[in-house]
Amino acid sequence: EAAVTQSPRNKVTVTGGNVTLSCRQTNSHNYMYWYRQDTGHGLRLIHYSYGAGNLQIGDVPDGYKATRTTQEDFFLLLELASPSQTSLYFCASSDVAGNSDYTFGSGTRLLVI
Amino acid sequence: GEQVEQRPPHLSVREGDSAIIICTYTDSATAYFSWYKQEAGAGLQLLMSVLSNVDRKEEQGLTVLLNKKDKRLSLNLTAAHPGDSAVYFCAVSNMGYKLTFGTGTSLLVDP
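Residue numbers (the working numbering), protein chains in the order written: chain A, 1 to 113; chain B, 1001 to 1111.
Worth flagging that the hints you see were computed from the coordinates, not collected in a lab.
This one's a predicted model, so the numbers in the text were calculated from it and none came from an experiment.
Do not take every clue at face value.
Incomplete in silico selection of chain B near chain A, CB under 7 Å [unchecked claim]:
#, residue
1, Ala-1040
2, Ala-1042
3, Leu-1044
4, Leu-1046
5, Asn-1053
6, Gly-1083
7, Lys-1098
8, Phe-1101
9, Gly-1102
10, Ser-1106
Per label pair, the in silico range of CB-to-CB distance [stated by the list, open to error]:
#, chain 1, residue 1, chain 2, residue 2, range
11, A, Asp-101, B, Thr-1078, 21 to 27 Å
12, A, Ile-57, B, Asp-1017, 28 to 34 Å
13, A, Ile-57, B, Thr-1026, 44 to 50 Å
14, B, Ser-1106, A, Leu-55, 31 to 37 Å
15, B, Met-1095, A, Gly-51, 18 to 24 Å
16, A, Gln-71, B, Val-1054, 39 to 45 Å
17, B, Asn-1053, A, Gly-63, 37 to 43 Å
18, A, Asp-101, B, Ser-1012, 25 to 31 Å
19, A, Gly-51, B, Arg-1014, 27 to 33 Å
20, B, Ser-1012, A, Thr-20, 38 to 44 Å
21, A, Gly-51, B, Leu-1051, 41 to 47 Å
22, A, Asn-18, B, Asp-1027, 36 to 42 Å
Some but not every residue of chain A turned toward chain B, in silico, with C-beta under 8 Å [claimed, not checked]:
#, residue
23, Asp-101
24, Tyr-102
25, Phe-104
26, Gly-105
Ideal Cβ positions, reconstructed from N, Cα and C, are used throughout, including at glycine.
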């Protein structure tokens, strides 16, 4: 079954810490996305990619890096975590951008203390 | 850029009643419309999507209506049951590079 798998499910780090969130998709999709979900804001796009080695900036990229190492794997990096990055992070994949159905992972809850 | 407003933020209905969630959008070029369901502790699951050439779509107790003139999209759960309790999001696109999401509606269906 096609899926998007995120790890870890939960993460606690200290301010200034280094965090990597992982995402793997088995959908053979071209596009992968990182979103953050915060109450009152819905989902906001951080970064996205349309293939291995490609990275595009989303709407709220500040403080985040991302890397697409393979068709399947997309990583989100917080190199100097701040409390404002405490959030629920979702990875998603789609066959084409914007106008196709997305498959979401189960999310990573990050707490920066 | 595209702005999407979703209402109500919270909705409580009794089992068997209908529940209606509405999104309004700003970009007249918006051409793809979708609804997602998020159950507690889970990711978003696609419920239904339509393109702009569709005004109404029904599937398994769900009805999506699209009013392009008013730039309004609605989701109607015609006979809600407790398993429908979740957070619902609309998401739209102008066929560009991304979906723009609404802020979510938390639906509670009382048995």
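Margin query: So, as I understand it, the hint says B/Gly-1102 touches chain A; can you test that by seeing if any CB pair is closer than 7 Å?
Written below: Holds, about 6 Å.
Next item on the list: Double-check A/Phe-104 for me: the hint is only fine if its C-beta lies closer than 8 Å to a C-beta in chain B.
Entry: 4 Å, holds
Notebook entry, point to check: CB of A/Ile-57 to CB of B/Asp-1017, is that within 28 to 34 Å?
Noted result: Violated - the Cβ-Cβ distance for A/Ile-57 and B/Asp-1017, about 44 Å, lies outside 28 to 34 Å.
Next item on the list: Given the range 37 to 43 Å, decide if the beta-carbon distance of B/Asn-1053 to A/Gly-63 lies inside it.
Entry: Taking Cβ atoms as reference, B/Asn-1053 and A/Gly-63 lie about 40 Å apart, which means the hint holds.
Checklist line | Proposed interface contact between B/Gly-1083 and chain A, which counts if any beta carbon pair is under 7 Å | finding: 19 Å, violated
Notebook entry, point to check: Does the hinted range 36 to 42 Å hold for A/Asn-18 and B/Asp-1027 at CB?
Noted result: 38 Å, holds
Margin query: Does the beta carbon distance between A/Gly-51 and B/Arg-1014 stay inside 27 to 33 Å, or does it fall outside?
Written below: 48 Å, violated
Item checked: Evaluation of the interface hint that places B/Ser-1106 against chain A, nearest CB under 7 Å -> 10 Å, violated
Note to self: Holds or violated: the 21 to 27 Å window for the beta-carbon distance between A/Asp-101 and B/Thr-1078?
What the structure shows: Distance hint for A/Asp-101, B/Thr-1078 holds at roughly 22 Å.
Next item on the list: With a cut-off of 7 Å on the beta carbons, see whether B/Lys-1098 makes it to chain A.
Entry: 5 Å, holds
Note to self: Within 38 to 44 Å: is that where the Cβ-Cβ distance between B/Ser-1012 and A/Thr-20 falls?
What the structure shows: The hinted range 38 to 44 Å holds for B/Ser-1012 and A/Thr-20, with Cβ atoms some 40 Å apart.
Checklist line | Status of the hint placing B/Ala-1042 at chain A (closest C-beta pair under 7 Å) | finding: This hint holds: B/Ala-1042 lies near chain A, its Cβ roughly 6 Å from the closest one there, short of 7 Å.
Hint compliance for this structure: hints 1, 5, 6, 10, 12, 13, 16, 19 and 21 are not met, and every other hint is.
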